[in-house]
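Student: Chains as they are written, first to last, in our numbering: chain S, 1 to 166; chain L, 167 to 728; chain E, 729 to 1173.
Treat the hints with caution; some may be incorrect.
Said to hold, decoys possible - The calculated lysine-lysine pairs, modelled on DSS-like cross-linking and capped at a C-alpha distance of 30 Å, are: (1) E:Lys922 x L:Lys189; (2) L:Lys189 x E:Lys863; (3) E:Lys922 x S:Lys141; (4) E:Lys863 x S:Lys157; (5) S:Lys21 x E:Lys805.
Hints in this document: simulated from the structure, not taken from any laboratory.
Residue strings, one per chain:
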Amino acid sequence: MNLSAETLEKIETTIPKYPEKRSAVMPLLHFVQSEQKYISNEAIEWIAEKLEIEPINVLEVVTFFPYYRQEKLGTVHVRVCRTLSCALMGAYKLGDELEKALDCKMGHTKEDGSVTLEYGECLAACGTGPVVLVDEDLYEKLNQTEAVGPMLEEIKKRAQAGAATE
Amino acid sequence: MSEDQKDDGLISVFVDDKEVRCKPGTNLVDLVASVGEEIPHYCYHPKLSVSGNCRMCLIELGMPGRDRNTGEPMLNEDGTPKIMFFPNPAIACGTKAGPGMHIRTKSEMVKRCREGVMEFLLINHPLDCPICDQAGECKLQEFSTDYGKGYSRFVEQKVVKPKRTVLGPRVMLDDERCVLCSRCIRFSKEVANDDVLGFVDRGSYSTLTCYPGKQLENNYSLNTVDICPVGALTSRDFRFKMRVWFLKETPSICTESSVGVNTLVSSREGKIYRITPRRNDEVNDTWMSDSGRVIYKEVEDENRLSSDSSSGDLAQIHKYLESEKIAYVGSGSSSVEELYLYNRLSRTTRSVANYLVAHTQEGDELLISNDANPNTRGALSVGLIESLPEDQLSDLGSKIDAGDVDTLVAYNEDLTAAGITAEQLAKVDVIYFGTNSNATSEAAAVVIPTLTVFEKDGTFINQQFRLQKFLQAIPGLSGVADDLETFSQLLNHVEPDTGDLSSVQAVWAELSSEISLFEGQSFAALSPEGVALDGSTFKHLPFCEGKTLHYEPAAETVEAEA
Amino acid sequence: MAAVERKILLKHADEDYYSPSIDSYLEQGGYEGLKKALAEKPEDLREAVKDSGLRGRGGAGFSCGIKWSLVDRKSGKPIYLICNCDESEPGTFKDRQLVHKDPHQLIEGMMISAFANDVALAFIYIREEMPLGAKILEKAIEEARAKNLVGENILGSGYSCDIVVHRGAGAYICGEETGLIESMEGKRPYPRIKPPFFPAVLGLYQCPTIVNNVETLCNVVHVVNMGVEEYTKIGRHGNTGTRIWCVSGMVKNPGYYEIEPMTMKEFLYDVCGGPLPGRKFKGCIPGGGSMKILGAEETYTDREGKSFSFDEIIVDYDGIAAAGSMSGSSGMMILDDSTDIVEALANITAFYAHESCGQCTPCREGSLWTKKITARMCTGGARPQDVDLLYDMAGNIGGRTVCPMGYSTTWPVQSYIEKFRDEFDSKAQANECGMKSFDERLIEK
Chain S
1 MNLSAETLEK
11 IETTIPKYPE
21 KRSAVMPLLH
31 FVQSEQKYIS
41 NEAIEWIAEK
51 LEIEPINVLE
61 VVTFFPYYRQ
71 EKLGTVHVRV
81 CRTLSCALMG
91 AYKLGDELEK
101 ALDCKMGHTK
111 EDGSVTLEYG
121 ECLAACGTGP
131 VVLVDEDLYE
141 KLNQTEAVGP
151 MLEEIKKRAQ
161 AGAATE
Chain L
167 MSEDQKDDGL
177 ISVFVDDKEV
187 RCKPGTNLVD
197 LVASVGEEIP
207 HYCYHPKLSV
217 SGNCRMCLIE
227 LGMPGRDRNT
237 GEPMLNEDGT
247 PKIMFFPNPA
257 IACGTKAGPG
267 MHIRTKSEMV
277 KRCREGVMEF
287 LLINHPLDCP
297 ICDQAGECKL
307 QEFSTDYGKG
317 YSRFVEQKVV
327 KPKRTVLGPR
337 VMLDDERCVL
347 CSRCIRFSKE
357 VANDDVLGFV
367 DRGSYSTLTC
377 YPGKQLENNY
387 SLNTVDICPV
397 GALTSRDFRF
407 KMRVWFLKET
417 PSICTESSVG
427 VNTLVSSREG
437 KIYRITPRRN
447 DEVNDTWMSD
457 SGRVIYKEVE
467 DENRLSSDSS
477 SGDLAQIHKY
487 LESEKIAYVG
497 SGSSSVEELY
507 LYNRLSRTTR
517 SVANYLVAHT
527 QEGDELLISN
537 DANPNTRGAL
547 SVGLIESLPE
557 DQLSDLGSKI
567 DAGDVDTLVA
577 YNEDLTAAGI
587 TAEQLAKVDV
597 IYFGTNSNAT
607 SEAAAVVIPT
617 LTVFEKDGTF
627 INQQFRLQKF
637 LQAIPGLSGV
647 ADDLETFSQL
657 LNHVEPDTGD
667 LSSVQAVWAE
677 LSSEISLFEG
687 QSFAALSPEG
697 VALDGSTFKH
707 LPFCEGKTLH
717 YEPAAETVEA
727 EA
Chain E
729 MAAVERKILL
739 KHADEDYYSP
749 SIDSYLEQGG
759 YEGLKKALAE
769 KPEDLREAVK
779 DSGLRGRGGA
789 GFSCGIKWSL
799 VDRKSGKPIY
809 LICNCDESEP
819 GTFKDRQLVH
829 KDPHQLIEGM
839 MISAFANDVA
849 LAFIYIREEM
859 PLGAKILEKA
869 IEEARAKNLV
879 GENILGSGYS
889 CDIVVHRGAG
899 AYICGEETGL
909 IESMEGKRPY
919 PRIKPPFFPA
929 VLGLYQCPTI
939 VNNVETLCNV
949 VHVVNMGVEE
959 YTKIGRHGNT
969 GTRIWCVSGM
979 VKNPGYYEIE
989 PMTMKEFLYD
999 VCGGPLPGRK
1009 FKGCIPGGGS
1019 MKILGAEETY
1029 TDREGKSFSF
1039 DEIIVDYDGI
1049 AAAGSMSGSS
1059 GMMILDDSTD
1069 IVEALANITA
1079 FYAHESCGQC
1089 TPCREGSLWT
1099 KKITARMCTG
1109 GARPQDVDLL
1119 YDMAGNIGGR
1129 TVCPMGYSTT
1139 WPVQSYIEKF
1149 RDEFDSKAQA
1159 NECGMKSFDE
1169 RLIEK
């Protein structure tokens, strides 16, 4: 398993925090995904061995949670909340705009791997809907045109930065 | 009531107002089954942990009420305890019997619950019963007859899932038929200790799978097929071979090892199609090995001895039995009755020495023991041998070389495999009884074919000294006599007043009077679960078995090994 | 006088002078409650929380003190405390505010609760969709550790307890306490059957475990600081303390508001500014997406037979219960006359179909089925019999599942139909493709 020293250190310090090793499945998956942008079978088997469980136990968790991906995520991960409050405030219209602006089909990752655009379920920011989560950053009240621009700028900046490092 | 409780430790539970006495903590599904009623269920299995996911066993549950303020029991006008039913139904499988508990299994609410669950289970289920192997023993079919609507309200697209997935060398999976009860997953984890199965994805898209690159290939994989309540898991060996309703089921005992797994042999018109485990809580619970299920293939083994391949007949044997240097080698896979007659024959012909060949193997600590002979204790019990057998017959070899043995009777054992050389065999006259040809039968002067365990009745004594019976599932090979018939005739030749001992019943009449271990037993009265005999006479022997599912080796044996 | 907020938990959160740092918290008298608590006996603290009447803010509204009193303290096994910060109920975003803006209040609440319950290891299960929140909490814990407020021998008291932040990965079901526990154990978050797996006895690692919501634990700080007598003066009997209501949807001023019980009219008009211009309220989903809707035109009757209007509903646990719904996670979603009720239901059922864990039959199959029917109804394929079918079928889910999530499908379906039957019927009869208020792709197929 080819992981950075930093990620490996995080893994080693996290496991002993739990009374039982198996509890570290989710944090380990988070660390691996944040570095590799997806969870490979190799990663599943590696984590299973690390935590002394069977690979199927890890796969069961990976496939349950929508956040864990078995296919590579784009450099920028854009999630548009589609649950009721945001939908009432125009989440789907926003989704259309983003599809166009980012030239990315909803529910897909762009071919160049720069952006993943998708609808997500309630992001717990219903009072300021519609909201979008760009990687770890929340953008709110996106039914106001002036709010969308800066977000798009940021997405494009990150996508380019990602392309440059690769 | 509380007075009764002290007497027998039992409590009263009321099932649809009928009082039932049971041990406290009895699972309600089992409790209701014990009075001949059924609570429909899919995920519950008496030998697995309770998961409570299918929701088919919902019942109404009530307890005697207590006044919230005073804590006093609430009473009806007639002084009987007032039963307070919970507003929501409870799962019977997750509920343990408690004193005074009331349950309703037939109320309108319970019926509605079952109908609701049935409908949900069926909406995404394919309508492929006509080509499904499970048809005829499918719980989905059975309960939909009882609780199904007969028509579907579902007009949407069904969820599509993988079909015809090879889960392992012996098991096929159809995910669309799966009701996600998780029995197979729990079995693999809890019993087979091989955690390879799991659910992936979630909600209605949840799918049973094996980890990519791994297989469900442990030697207990077919139990998942047995416990699958629907047609999701099927046996690759049995698939599409025979409709289950044509099958005749015969109780039998697995000969794989001294565990003595209880089985059901399913056959039609003299042909065996499958072997499945038969529940015995003292022996194998509801499980058996995959390897034990294919033993029936020996019936049609290409080396099987038939009436055509026999050489000589019983009359030819008579002169050999007159030898004063005769020795007998028996088999631990013969039945108690056979070994009894064989032993008697050896005694009446003044055998120089009797032997049994040990067949040891590495057990799996579950349902295969270290002793590959199913009936070593039977041979001890009837007195054919007095000490534990060895796998090499070196003593016999020396006796042959020394000229102390000139006639050798072998029963279902290939002596060359037990260390008797071809040269040694050539020095003696060999009489061979057995199901299969081998180097010994090749060298024998007389060969008498015998029957397999599936073609005759009998009993074995397993490692726990449990006497268990098996019944004839299919007719014997044409022209081949039952082993008991053969030995009975030979005995009557040597001792004309022996009487007819050609049936197990007749042999048991003698066994129960001649051998104290068998006192009071008879073949007819022996229950399907068998009976535990008092094997303490043999306690001193260092039996080779280690721990298995329901067997702990005696302490002395363990120490001796250490 | 117009009704106003009463800020206790959110007293400093949005003020300019305030930041999530420990210095900011200490400046405002933070961790005094913990100091006070460490000088008391754990059983006295438990008694105080019980007497305070503090009810769980996560959904069921069960007494926090009673929950603590059920913990098996004789087992000899460690006792665990888990803070449920898996805030996922549609319409709810209060925990986000508490975690992002005042993390030390939560940590102090956890440490007091941990001490009161002899807990040596506590966890915060925070949903994946709040990555920043997780970082803030982790930083706050380190700050607190540096000041000896978390970790070994806290403030020299001899008491030690650590907190571990555990991130989710996108599953509503992890908000159910036993699902959360399974997930903490590294398994699929399938809720456990109860009996026997009551967390207070057989929780995390089969040890006694307390699972409390973020807001509940934050309240513990104030129970200790104020004392039971003062605390119980806030709110009303059975509904003590403030509650943070999250308001979203078709209302002038959506947001989060910390209030004492008041009427719906006061709340929606004085606090939330009333309906959008030219619109009329249609109703509100009072406690997160799974709760029964309250119609704005409806007349309600309480247990004593007294009638009252939507405007008169008291916004607290018992007031909303009296109107036949539940205050749940206090996520209030407002619908107005522009909202197509069938489409709103289709949106909600799509959520619960997506979030059903799939463990038990009724919810697994029923949630997806309701989603498929409602989606079909909204895309021109409605049939007259669909309304009765939906209603009847949804009735086979709630109360028959392992966890309460069965109701999350049953309650919306049944209450929307009961209260807006004519809208459903006209959709079913017209067989039209409506899509008045939403985009068509609202309805996933």
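Student: Look at each hint and say if it fits the structure.
Tutor: To see whether the hints hold, each was checked on the structure:
no.: 1; hint: E:Lys922 x L:Lys189; result: holds (21 Å)
no.: 2; hint: L:Lys189 x E:Lys863; result: violated (54 Å)
no.: 3; hint: E:Lys922 x S:Lys141; result: violated (42 Å)
no.: 4; hint: E:Lys863 x S:Lys157; result: holds (23 Å)
no.: 5; hint: S:Lys21 x E:Lys805; result: holds (18 Å)
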